[in-house]
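Protein sequence lines correspond, in order, to chains F and A. Per the working numbering, the first sequence starts with residue 1, numbered consecutively. Per the working numbering, the second sequence starts with residue 1, numbered consecutively.
Hints listed in this document are in silico derivations from the structure and should not be mistaken for laboratory results. Where hints are given, some of them may not hold.
Heads up, the list lumps identical chains together, so a pair's fine if it works in one copy or across two of them.
Straight-line alpha carbon distances no greater than 25 Å define the calculated SDA-like cross-link-like pairs of lysine to any residue that follow [unchecked claim]:
1) Lys289 - Asp113
2) Lys176 - Arg93
3) Lys2 - Tyr130
4) Lys176 - Glu58
5) Lys233 - Glu33
6) Lys49 - Ala87
7) Lys289 - Leu48
Owing to the predicted nature of the structure, the values given are computational and were not obtained by experimental measurement.
Protein chains: 2
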Amino acid sequence: MKNAIVGQSGGPTAVINASLMGIIEECLKNRGEITNLYGAVNGIEGVLKEEFVDLYAEDPERVRELEGTPGAALGGCRYMIQSSDTADADIKRVFEVFGRYGIRYFFYVGGNDSMDTSMKLDAAAKKLGYDLKVVGVPKTIDNDIPETDHSPGYGSCVRYLVTSLIESGLHARSMKSAEPVTILVTVGRESGWLPAACSLARRSDGEPPHIICFPEVPFERERFVRAVADVYKKHGFVYIVAGEGLKDCFGEYLNTEDDALSTDAFGHPILGGVAISLKQIVEKDLGLKARIITPDICQQAASHLSSKVDLDEAEECGRTAVRIALSGGSGCMINMIRTSSAPYTITYGTVPLDRVANLCRDVPPEFIGEGGMCVTDEFMEYITPLIGDGNKGNNLRFYRGLEMLRLKAEPRLK
Amino acid sequence: MKNAIVGQSGGPTAVINASLMGIIEECLKNRGEITNLYGAVNGIEGVLKEEFVDLYAEDPERVRELEGTPGAALGGCRYMIQSSDTADADIKRVFEVFGRYGIRYFFYVGGNDSMDTSMKLDAAAKKLGYDLKVVGVPKTIDNDIPETDHSPGYGSCVRYLVTSLIESGLHARSMKSAEPVTILVTVGRESGWLPAACSLARRSDGEPPHIICFPEVPFERERFVRAVADVYKKHGFVYIVAGEGLKDCFGEYLNTEDDALSTDAFGHPILGGVAISLKQIVEKDLGLKARIITPDICQQAASHLSSKVDLDEAEECGRTAVRIALSGGSGCMINMIRTSSAPYTITYGTVPLDRVANLCRDVPPEFIGEGGMCVTDEFMEYITPLIGDGNKGNNLRFYRGLEMLRLKAEPRLK
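Given these sequences and hints, build the entire structure.
Below, the structure written as structure tokens:
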């Protein structure tokens, strides 16, 4: 009996279950080698608590349906096996469970932190002489996992944000006389991949988003205020997209002056505080009324706007993980290597876990435009194929009605 | 020459341009009686500034496209002709412009406040002996306009919110071990029609939303905390939907203790403050980590999730306004009267402007369930047909994958 466990870890994406589906189907194809596949409930927590799901027993049709289902079907977790006393106890417990269930394969779908857990299990297995293949499957809307062209989950989140930008941008423009400033704050922690991608909503200079605030670029209040004033003067309204993890020149999170709001009940900084901070700055320094939008987990769960490319890639990353493990690979994460942007083509490979675990990939300087508040053409080339139907296009729905009408305003009747 | 003006006022909805399209097409059908149709840019502001669009000159195909375009194609406004010194000057100016352009018909697409402007113009015309037909077209996602079964804009906004609830609800459930509380705050000012409608996302007891906070029900911290604790105990996670205009027993807006955040730069209360207030209460009183979602104008602009019923009704309200004006009606707003819920049928009528202007319709007691944190079956019957394809169904996409897997967790292998 050689059995496998699959777990989902960290915050879910709209396509995390597509990876799970890929893993289940690929394991089923190889029943000769993988006798049983167990789903760990809430990632590594499920292993520690021995909470499993018998995935081979599921109706194949229902497994297929997982592809487009939001949330983590097995439950996600934020638990990490850390280098501490608990770590040893946790690892001991994990291998006791693995031994009991005859586990020889461990697939973990997650982000940077989850790859750390995978790495620790791989290292422990080697140390213990326990025959285990550990393969990680990348997952994050943040797109901050290193050593891969991009991560499954990112493209779908972007498609949702860009759709929201196009729609709310038209709304904001039509309300400029009353509500001139709009601030949308994305998740993505300390990386600016999501705010950057919102640029896809803009086809010409005057269209939202007008200003992008990257966590990679230290926030300077004066420069920001000047930029807002410039756009307002030129276009009569300003649409700002900011990453939740903005920091000032001293590396401090941008937050309200109110301490009660800058940390949560657990003392962790509330990254969402950036929305209120920016609103206060715009209102105090420029006297312009600002609205704030924080889609939060809606952007991670928006299956109704999933990118077909993203779904397919998430599934294929899952399938590849199984194939790699069966061919003897371990201690690695599946990665994607882009071979061409037009037409868009990628290949799948592996990268050792120690090159991704706990590491973050910032938006590189060549993707950030002059002044630090926009993106480059190079970035647009990078992002465009990820959000739609691949070489068939990006499927965004733009609108033209409004422009046409507004252009004709004024001159006609005078 | 008998000409007409159409304006859009207040915050746009996803279907406000469908009403505009209906008005344009219906006027075009009656060119013999309505020689020209002018679009006022930014509602009444456009009349005062003489900023018009020649709507008959537009390409009919582009006019058709308006139906699904977010924002207000002519521009919205928050300007009201109030009972003050400016009011007289404004009215004088409006009629000077009307006279110059040969205006005999005025169509105004807007909410409670905009109907006040329409009412003032109608009254002034009568006083001046100026031949003018004024007809209002209802528009608001808040659904708080009295004397109509519902308002165009509401159903589409609900469809967006319910989709977001279903998706983010699955996400929240799968993350319950790490992030047990989610708080989504809708717009809708002091009425709870939007939070109430989020109930459509729930098909059984354990599904989100678990708690609905109506602005109509005075907020009591203790009762709220007890309800959150109960749901948490029973289901392991809690999804709360709250209206932005929650008030305590003294009629004060629920807001953070920080004054700087409870009012904006203009001294107006920030209704969005309710999200942070509820988060702080949940974290302080229960020690449960809470995430907040504030979709803000995205919920007003979400054309990609428009309700077909809503689009059709918005258009028909516009067309009816033109027909009523041509048959001599004035000083009224188009309303919808429901004749049956299953099958869903409505008829269109009119209501005098003084019965809607500046008035708000709360969610009635018979729609609010026991305990004041849920809805009744009567409300579900009311809301269901509004968000989809009418008698063909409500088009919501539910998911079943997750449930099935999670139900089988644990027992199998022990």
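>> When the structure is checked against the list of hints, which entries are broken? Sort them ascending.
In response: 5
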